[in-house]
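Quick note, the sequences are listed as chains A and B, same order. Residues in the first sequence are numbered from 1 upward in steps of one, following the numbering used here. Residues in the second sequence are numbered from 1 upward in steps of one, following the numbering used here.
Worth flagging that the hints you see were computed from the coordinates, not collected in a lab. Computed from a prediction, not measured in an experiment: that's the story for all the values here. Heads up, a few of these hints could be off.
Stated by the list, open to error - Below, computed lysine-lysine pairings styled on BS3-like, alpha-carbon distance capped at 25 Å:
hint, chain 1, residue 1, chain 2, residue 2
1, B, K157, B, K101
2, A, K158, B, K101
3, B, K101, B, K155
4, A, K158, A, K143
5, B, K85, A, K143
6, B, K101, B, K21
7, B, K85, B, K101
8, B, K21, B, K155
9, B, K157, B, K21
10, A, K158, B, K85
11, A, K136, B, K85
Claimed, not checked - What the simulated footprint calls covered on chain B by chain A, stretch by stretch (three residues with Cβ under 8 Å from a Cβ of chain A suffice, anywhere in the stretch; the number is not a length):
hint, segment
12, 90-96
13, 115-121
Where is the CB? At the ideal position from N, CA and C, for every residue including glycine.
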Amino acid sequence: MKTILEAHPYLIERESADWPAFNCPQDRLMDCLQSLQEEHGFDFLADLTAIDHFDAQPRFEVVYQLFSTERHEYLRIATPCGGDPDPVCPSVVPLWKTANWHEREAYDMFGIEFSGHPDLRRILMWDGYPYHPLRKEFPLAGKEVEFPDEGLREATGKTVLPAPMMGGPFHASQTGSMAKREPRADDESWNEARDRADIQDEENLPPRELRDKH
Amino acid sequence: MTTTTEYGYNSKVEGEVIVSKADAVINWVRRHSVWPMPMGLACCAIELMAAGGSRFDISRFGMEVMRFSPRQSDCMIVAGTVTYKMAQVVRRIYDQMAEPKWVVAMGACASTGGMYRSYATLQGVDRIVPVDVYISGCPPRPEALLDGMMRLQDKIKTESSTRTLLRNRPVRDLTFQKK
Chain A
1 MKTILEAHPY LIERESADWP AFNCPQDRLM DCLQSLQEEH GFDFLADLTA
51 IDHFDAQPRF EVVYQLFSTE RHEYLRIATP CGGDPDPVCP SVVPLWKTAN
101 WHEREAYDMF GIEFSGHPDL RRILMWDGYP YHPLRKEFPL AGKEVEFPDE
151 GLREATGKTV LPAPMMGGPF HASQTGSMAK REPRADDESW NEARDRADIQ
201 DEENLPPREL RDKH
Chain B
1 MTTTTEYGYN SKVEGEVIVS KADAVINWVR RHSVWPMPMG LACCAIELMA
51 AGGSRFDISR FGMEVMRFSP RQSDCMIVAG TVTYKMAQVV RRIYDQMAEP
101 KWVVAMGACA STGGMYRSYA TLQGVDRIVP VDVYISGCPP RPEALLDGMM
151 RLQDKIKTES STRTLLRNRP VRDLTFQKK
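Looking at chain B on its own, in the form it has when it is part of the complex (with noise of 0.2 Å):
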């Protein structure tokens, strides 16, 4: 004769409540659904697009969700070469998107400014928004990105995700129009 043991969540004992952290869930919730906003720039948003693909098939971690409207992404991956020409805009979509908000500085080039080092390159998008996480190649694999963003689940675990919300945030005029 067999018996089956019910491991976890037993309703019948528990009846309809589950008693956790407000954090575990919301972190929980975040991390399984962080839309991109891919800010595809150069090559490096080849290997995104690859990441979306079957092969690597980002949805397996919630991702395969590219929002072009900022208004309803959660992270930013920058993947390309950030001129200063296009800096304005990538500053100008970060500061779009709804909090909370990540990015990712996908290849050397958004990292670093990569092999352009010349006068029209960014050196760096950290020099003009806050970085999460960093990937290093040029262009990364699909398997690094997916890496990083496993990274930055690992980050938004961690983090207290009540602070985000009664955090009293500054709030800048933010006026890029042309003068």
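Chain A with its partners taken away, still in its complex shape (with noise of 0.2 Å):
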């Protein structure tokens, strides 16, 4: 990793839990992935991803995980992307063939326009949904919209409705019984299970198969 920072300067260490990070500025980006994929052996993107930081500026980056198929070494390059509601990006298409459909699923979720890219559509949604789901302000129970398709409408007479949620989202507990563990949500209003007793009194209770022995 020493030689990738000396022949790489503006490179910044990033803070990650597993492999080598290095924040690069966008204007750099190009450069330094081309050099990391023909003289640093990283050949293979093994993952392209963006992350919505919501209130902090820049809002978007974009995360590049490198894979080196000779080393086995993974290389995780983040960069930011300025530009919001729409931020841009130099496509790595070039450099990457794998990198189409993970910068269109990018496009889709995240609205990053991919400069250079050669089909930038949407690859998960339907043409035309006017939101990036996977943007912090979207709701995940989505949006009302109207039905892609014009034949639809007219036979159905409804509209992309937002999901009910129930009481949601919903979370796994990581502590307390198993009993307890299972996902709820967390407005159980709805469930009369709460005001059951013996389900509330069910982690204080030794396990079911030494219950039943007395």
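Make the complex out of the two chains shown on their own, each in a separate frame, by following the hints.
The following block contains the structure:
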């Protein structure tokens, strides 16, 4: 990793729990990635994704997970994307062909415009969908929009509605008894189980197999 | 000396004629030749395939003829999660099926959206097509599917077959072309 830092002094080390990671300014990104691919053997783009920091500036970051199939090493490069609500980032499709669909997904979910991408269309949501669902301000349930297809609109007279959340989102607790660890909604006021004393007391009792002997 | 007694239809007495009601005959035929359109979209489709295998053997009910062409099928089994992007395809295939036609929503996702409470998933296929039978389960076992199909048979039995033949349906111009 020292050789990479020597060759690219503008890289800043980035907090990482596993593999080496660097922040790279966007104007040096293409030089850096091309050099990593050609000179440092990172021949495989394992993943490309984006992060929405919401109230931080710059708001979006694009993250490249590189892998060297010769040395079996991972490397993470992150670059900030200026521009809100229309962030821009150079496309790395000329370097790794696999970036094509990854960048389409990042465009679909976060709205990052990859300049130079050969075919920047939505990949998961339908063409013409007005939002980018993985942005922080977008609710998980979704927003009401028209059905994508005109025939379906006319035949059913329905629209795409926000999904009912029933007290969700759902979380699984990491502590407590097994009975308490199954995923539960934040707001369970709709759930009659909350009022039932036997379920409330479940975690204070000994395990079921020991209980039956008495 | 043993004697044999003939029950039911006796051609010597009744000739070549059976008297019945048109509804009874037509529904009898329809009930025992429900050709499914397997709309397999997720893991429910695996159970649907298992129901077609020898252990569960959906052919006992005359339903083994899975038709992948909507023109040749009677019952669309929506097996799996329907996304909004797929919803238009499900509706188009339903519209392409010839009358009479039925829809079975197999599993939690097809019935209500299931665990996918999200912006991308249709919350129940009954929002876009009329559903005759809902089958619970995630996914339902093949027995549950067979039970649902037998309930569909019971429902067909009670239908007025001639009325669906003569029903004056509004003709919709469904253009599923991209603009």
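Against the structure, the hints:
Only pairs whose Cα atoms come within 25 Å are accepted, and K157(B) paired with K101(B) is accepted, the gap being roughly 14 Å. About 22 Å separates the Cα atoms of K158(A) and K101(B), which keeps this hinted pair within 25 Å; it holds. Of the supplied pair hints, the one linking K101(B) and K155(B) holds, its CA atoms being roughly 12 Å apart against a limit of 25 Å. Proposed proximity of K158(A) and K143(A) is supported: the alpha carbons are some 14 Å apart, at most 25 Å.
Of the supplied pair hints, the one linking K85(B) and K143(A) holds, its CA atoms being roughly 15 Å apart against a limit of 25 Å. The suggested pairing of K101(B) with K21(B) holds, with an alpha-carbon distance near 21 Å, which does not exceed 25 Å. The straight-line distance between the Cα atoms of K85(B) and K101(B) is roughly 23 Å, inside the 25 Å bound, and the hint therefore holds. Simply put, K21(B) and K155(B) have alpha-carbon atoms about 17 Å apart, close enough for the 25 Å limit, and the pair holds.
Between K157(B) and K21(B), the direct Cα distance comes to roughly 12 Å. Compliance with the 25 Å bound is thereby established for this hinted pair. With a C-alpha separation of about 14 Å, the suggested pair K158(A) and K85(B) falls inside the 25 Å cut-off, and the hint holds. For the proposed pair K136(A) and K85(B), the alpha carbon gap of about 22 Å is at most 25 Å, so the pair holds. Counting residues of the segment 90-96 of chain B whose C-beta lies closer than 8 Å to any C-beta of chain A gives 3; at least three are required, and the coverage claim holds.
Chain A is given as covering the segment 115-121 of chain B, and this holds because 6 residues of the stretch bring a CB closer than 8 Å to a CB of that chain, at least three being needed.
Against the hints set out earlier in the document, no violation occurs for any number.
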